Amino acid sequence: METVRVTIDGQEVEVPSGSTILEAARIAGVDIPTLCYHPDLDVKAMCRVCVVEVVGARTLQAACTQPVSEGMIVKTSSPLAREARRMNVELILSNHPQDCLNCIRNQKCELQTLAEKLGIREQRFERRSRTKNNLDISSPSLVRDMEKCILCRRCVAVCQQVQGVSALGPINRGIDTIVAPVGGCELNSVACTLCGQCVHVCPVGAIYEKDDTQKVWSALADPTKHVVVQTAPAIRVAIGEEMGLEPGALVTGKLVAVLRRLGFDKVFDTDFSADLTIMEEGHELIHRLQNGGTLPMITSCSPGWIKFIEHFYPELLDHLSTCKSPQQMFGALAKTYYAQKAGIDPKDIFVVSIMPCTAKKFECGREEMTDSGYPDVDVVLTTRELGRMLREAGINFATLPEEEFDAPLGISTGAGVIFGATGGVMEAALRTVYEVVTGKELPSVDFTEVRGLEGIKEATIDLDGQKVKVAVAHGLANAKKILELIKEGKADYQFIEVMSCPGGCIGGGGQPIPTNKEVIKKRLAAIYDADKGMKLRKSHENPAVKALYEEFLGKPLGEKSHHLLHTHYVKRGKYKI
Amino acid sequence: MAFYRAHVLVCGGTPCELGGCRAVKDTLLEEVNRLGLSSEIRVLETGCLGPCDQGPVIIVYPEGIMYARLQPGDVKEIVEQHLLKGRVVNRLVYHEKKEEAKSVVTFESSDYFGLQERIVLRNCGRINPESIEEYIAHDGYRALGKCLTEMEPAAVVQVVKDSGLRGRGGAGFPTGLKWSFTAKTDSNQKYIVCNADEGEPGTFKDRLILEGDPHSIIEGMAIAGYAVGANKGYIYIRGEYKLSIERLQHAIRQARELGLLGTNIFGSDFAFDIEVRSGAGAYVCGEETALIESIEGSRGEPRYKPPFPGVSGIWGKPTVVNNVETLANIAPIILNGAAWFRGFGTEKCPGTKVFTMTGDINNEGLIEVPMGITLRQIVYGVGGGIPGGLGFKMAQTGGTSGGCLPKEFLDLPMDYDTLAEAGSALGSGALLIMDDSHCIVDIVRCFMKFFKHESCGKCTPCREGTTRLYELVTKITEGKATNEDIALLTELSRVMQTSALCGLGQAAPNPLVTCLKYFEEEFGAHLNGYCPTGVCTMPVANVKVG
Amino acid sequence: MPAEKYSSTPNSGLLSDIDDIIRKHQNRDGALIDVLHDVQALYGYLPEQAMKRIAEGLSLPLSKVYGVATFYSLFTLEPKGQYVIRLCESAPCHIRGAVQVLSAIEEELKIKPGETTPDSKFTLEFTSCLGVCGVAPAIMINDQVYGNLTPEKVKEILRSL
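Chains as they are written, first to last, in numbering that gives the first Met the number 0: chain Y, 0 to 576; chain Z, 0 to 545; chain X, 0 to 160.
The hints are simulated quantities; they were obtained by calculation from the structure and are not laboratory data.
These figures come from a predicted structure and were not determined experimentally.
We treat Cβ as the ideally placed atom computed from N, Cα and C, and that holds for glycine.
Certain hints may be false.
To be verified - Rough simulated footprint, nothing fancy, chain X against chain Z, three-plus residues with beta-carbon under 8 Å:
1) 145-156
2) 492-498
Stated by the list, open to error - Cross-link-like lysine to any residue pairs, in silico, SDA-like; alpha carbons within 20 Å at most:
3) Z/K316 - X/N26
4) Z/K474 - Y/F124
5) Y/K545 - Y/L556
6) X/K23 - Z/V275
7) Z/K304 - Y/L556
8) Y/K479 - X/L59
9) Z/K474 - Y/R123
10) Z/K474 - Y/I174
11) Z/K241 - X/N26
12) Y/K224 - Y/I174
13) Z/K479 - Y/F124
14) Z/K474 - Y/R126
15) X/K152 - Z/Q70
16) Z/K84 - Z/G35
17) Z/K241 - X/A40
18) Y/K573 - X/Q48
19) Z/K479 - Y/I174
20) Z/K241 - X/Q143
21) Z/K479 - Y/G262
22) Z/K241 - X/T75
23) X/K120 - X/L157
24) Z/K231 - X/L59
25) Z/K304 - Y/S18
26) Z/K84 - Z/E62
27) Z/K231 - X/R27
The following block holds chain Y by itself, in its conformation from the complex:
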């Protein structure tokens, strides 16, 4: 590797050529403060907080973009650099509410941290407010508080470049600039998928999940309610972060224990209904393959993805699997099968989902999701909201014992847990489809081609002579590429998995802050560890699922399944819900 020698704050270091000053300084042990910079995004040099003095340069340089050159001398804390950095933070603060104590991002706010780090103690400019009374609570998933926006435009970048949605954009010019949904409308009035990726990249509290914890506290306190909870596969590898553990901690048993302590009557697992999804979706695929159905078939677990295709590619809706998502299958069964089995009137059952996802809040409110005769799921909490409840309850997470999920809706296989990672649904489906179609046992259950963080992955599987080509996409911009191929008739796949969020559900919009590539990698490793640790790793071997079919559903794609576990989709406008 080619290197250059640079001097940073008097210390000479050798760094890879092409490094930015920011990267070179880290090698030299100097952490230059940044604000708009985000390692996963191409948003740079806007906030002017990371400016440093480069000897010989006419002006200060943004460390996040300026490449180093041989012999460059950098002073990161020269009087001019310090003055500019502090003043620029002061300017941002002067146009930002000072209600840190009430803010959802208190103590998790990059601006607050930065101001503290720099020791900003006075504000010499008169306070301004970018917008007034502009709290947008229109959507079921997200809240936007534009008074707090500091115009770093990370949300715009993620929405446009990573998700290909472009629901958000800069409007107006100069001091009047705001970031807003198209036309300054409410979020719920534009084509937003509610994926919540904007939340992850927002450095402040300008966009966040709608908090539904009070509804759950109330249900738990209501003696007439039988409150059951399901936890998505991706929660067990992330909730630890909310409780102060390092990213990648696998805490399934503690999660179950803590939910019992909170007072849930039953602690179930969405992994169970993930296995069930594989039974239904796998058979749907086989059916389509054998009967000339619409191909490629695309998975339907990710509600942000569903909303995306409904808005932008309604003409391709037939490609979607008709399966409900695991969370909704769970809800429908909780208020039918489970109610029957437990002898509880379904009207008294209150279903809470712990999801890594903000779009799930929207999904559970869809009018199609009442096949049990009730709202199948009553409340969706994100991982962050659960963390908030746990902290408020004061339960010592670290010292909790490991406990088991309740039966029967808590019994699952490794195929269910990998739903939490990109490629997981595909891998789980292949494990089952292969054995169902060929009648043979898989030599190895690991389909490594579909694992990992590559934006679009492909694989071909041989089902006794019939080759099935599959693709996996995560991040909606990647999904868009595949949809375009389908539109052009160039997609030679039979089965496609799409997840809205980069990394899949482990990178979901409801996951702990921060969620970025580095953190996602750790959660990813934990998911596959969880899979490996399971006795059963194929959905069709799940005994509880088998029992469900025997006792209640009959067979996959049967009439009851059709009624409870499958759904239809809505053609939505490109510019409006």
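With the hints as your guide, set chains Z and X onto chain Y.
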């Protein structure tokens, strides 16, 4: 070709057009026809002659008599007296506005004209800008032909380098060096962009060059294209310049018809074509990366550099962005050589500079003078001094983003480096002269309002800073400011100058900083609740007498 | 904040005009600004329906069309008066009496900058430099520039419209 005994050139620049030059021209034609003179007297429209505040103006050749402030009603007299009988109509003759009015007869012997050196404006006021034939007759497209038939691209870059030509858009970056960066890149597509997004308040030179000599820009761009290996050019003109857009589109059509744009130009395998793009009202688009964003159809927000446009510009391809005036210099440099060009101006800043003089000055308008001429020569020589016997208070050079210089700087040579040292800039060549009846704080407030309106909003120091500067300066004009406010203004200015993303934010505090320095007393008076010129309305209670 | 700003019914005449404009520019990269210019020239402003159609026609996100339309000061999203008066407030005009010209316009039309007369005849706005500083102070009324103005002259111009 018919021989005409006299030519009447009617200035058709926008300022004269606003004064009604079209009607003057029509009446001229009518009168010439009526008297049967149409075979001996030729009436034609030409580009800007310079004294814009006295329009409409015409020049009658061969005598070189300029008539000013003409109305259609005056035309009959000029035709009957001057053109038919050879008697100059004294009451309508252009008089240089000066303190001691000489009886100037010919335009070219006036101080106004005499101190000028016209390279860029060589054809303005001499040829009909709508006629490619006339441009060609005045050596037009000869330089392009020379390049394509006699010179290697590298040699063309070298001549421009040797000439010492520096970018006339404001920053003064050496043009040849800029070309060489792009020439070196290996890309299947490169672009030449003519930056005609002239938005610097007080500047209208590019407008009048484009209106008066559009082919000189087309030729300059084609030469640049050949030199760096680009086959496509964009001219980005602000949307407000309707006439410039029309003239250019017309000129491009003509050049295509004659094969001077298109493929196989001059029989070579060089191909080049140009598209006109217009802005939509954003000063920041004069910044080259913002301009590129705008050409791509986006918000005109500057990009961070590096990469520089020379390496990664429009659609990520290597792109040379040159100002109108820079490009107008190219053909003469190629034809006459680098040494010839270096014969004008100073060693570090060879050539001429086109200035637009505005404000409290007798001769408002467009001039072209050698680099290094002093401010005094411009103001009191070419400019004819300050009207109404008032004193010179300050000159702002380089437009609103330039600094304000008091009378102590009158003998300063006007070039990039000297002005930069003085805290100002040569910039676009705008010269705003202010007499001593104006309040310095009031005018600074006007400058700051401009930047508040034109900041693109992308980077923090400019977006927030321009508004804060305006608020604080307004506070001074209201007599409510304190010494702490001045300290804050000074600090904020420095932060903007050192840390803003692009030139707009970096330059926005320039007029304020220079005024705080050179007009400290006047600011001090405002802090004490007193506006010495009486322009600012102060709270009555604060007024100090004496 | 408007909940459903985009709910007005499309007008078929408007849409076909816009389609013509889009077709005219379709083969050029980055044509959005030129399309917006043409559409505004047709309607005097950029109607919401038009922006959606442009987004569709040029395969751009609506947020991009909207972002561009609100960035440039020559574009307007609201219908304006028949005559849009843009008064230059840059320094050369300021020095030569733009403030007095402004007062004269305000007095004559009884509106402030940013406002439109009740009969929708005039809209008054500020603009940055128009590049006719040689004849300062100046205003632009629609596409026509007027220079060397005095309070009397500007009133005369307004009365003649």
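Next item on the list: Assess, step by step, whether the Cα of X/K120 is no farther than 20 Å from the Cα of X/L157, and give holds or violated.
Entry: holds (11 Å)
Check: Going straight from one Cα to the other, do Z/K241 and X/Q143 come out at no more than 20 Å?
Finding: holds (9 Å)
Margin query: What's the verdict on Z/K474 and Y/F124, does the C-alpha distance respect the 20 Å limit or exceed it?
Written below: holds (12 Å)
Next item on the list: Assess, step by step, whether the Cα of Y/K573 is no farther than 20 Å from the Cα of X/Q48, and give holds or violated.
Entry: Holds, at about 13 Å.
Margin query: Given the hinted pair Z/K479 and Y/F124, is their Cα-Cα distance within 20 Å?
Written below: It holds: about 15 Å lies between the C-alpha atoms, which stays within 20 Å.
Item checked: Satisfaction of hint between X/L59 and Y/K479, Cα-Cα up to 20 Å -> Holds, because 14 Å separates the two Cα atoms, which is no more than 20 Å.
Note to self: Can you confirm whether the C-alpha distance between Z/K479 and Y/G262 stays at or below 20 Å?
What the structure shows: violated (62 Å)
Check: For the pair supplied as a hint, Y/K545 and Y/L556, is the alpha-carbon distance within the 20 Å limit?
Finding: It holds: about 14 Å lies between the C-alpha atoms, which stays within 20 Å.
Item checked: Pairwise hint evaluation, X/A40 against Z/K241, where the allowed Cα distance is 20 Å at most -> It holds: about 13 Å lies between the C-alpha atoms, which stays within 20 Å.
Item checked: Hint consistency between Z/K304 and Y/S18 [alpha-carbon to alpha-carbon, up to 20 Å] -> holds (15 Å)
Next item on the list: Could you grab the alpha-carbon distance between Z/K479 and Y/I174 and see if it respects the 20 Å cut-off?
Entry: violated (23 Å)
Check: Is the hinted pair Z/K231 and X/L59 satisfied, with a Cα-Cα distance of at most 20 Å?
Finding: Since the Cα atoms of Z/K231 and X/L59 sit roughly 25 Å apart, the hinted pair is violated (cutoff 20 Å).
In the structure shown, a violation is registered for the earlier hints numbered 1, 2, 7, 11, 12, 19, 21 and 24, in ascending order.
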